[in-house]
Amino acid sequence: MASDLTKNEFWLKKMTVRFHAMNSKKDGMLSKADFDLLIERIIKFGKLNDAQAERCRKLLAKLLPLFGGDTFKLTQEGFNDAAAKSSEGNYPVLLGNQFFDILDTDADGIISYNEWVVYFESIGTDVQHARPCFDALDTNKDGEISRSEFVDATVNFIRSTDESHPSRFLYGPV
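Each residue of the sequence shown is one higher than the last, beginning at 421 in the numbering used here.
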């Protein structure tokens, strides 16, 4: 199944959007430095206090092992291969839970629209897309993204080739 993903045009398009969103330094190489910059942007754009900032940094430290630790470096092609290989098993669930905790900056158990806008600003996605993408992932239409909605979106973003699935909006429009 994993090798089939790298042959699917839509899946590759999603991974390109994801890679560019995560490649904070915009140097074509995904590394720990990109995640450090992402966290600093979340802290800045979210106007986090010292305790919230420290929480985000600690959560990043828990996330990095999912990408190979402090020394990983991935090109787009390497990223695609790694994403396809990790699509099976529990990796997408772990990733979804870790990113949810980072984006839920006030730790209230939901991602609010304001937290979503901070996320879009932090990954460099035009905030004009924030509302439609947020609404697509808010599958029960209660005005917030729950942990289960976010984890489901992460899992399906990584595993699915269904062009109509709401998960396609996880990093902005595909």
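Check the hints yourself; a few may be wrong.
For lysine to aspartate or glutamate, the following EDC-like pairs were computed, each having C-alpha atoms within a straight-line distance of at most 20 Å [claimed, not checked]: (1) K467 to D528; (2) K478 to D526; (3) K446 to D528; (4) K478 to D521; (5) K467 to E508; (6) K464 to E541; (7) K467 to E535; (8) K446 to E541; (9) K445 to D526; (10) K561 to D572; (11) K561 to D501; (12) K433 to D582; (13) K464 to D546; (14) K482 to D470; (15) K467 to D456.
I should point out that these hints are in silico values taken from the structure, not numbers from a laboratory.
Among all the numbered hints in the text so far, which are the ones the structure does not match? 3, 5, 9, 11
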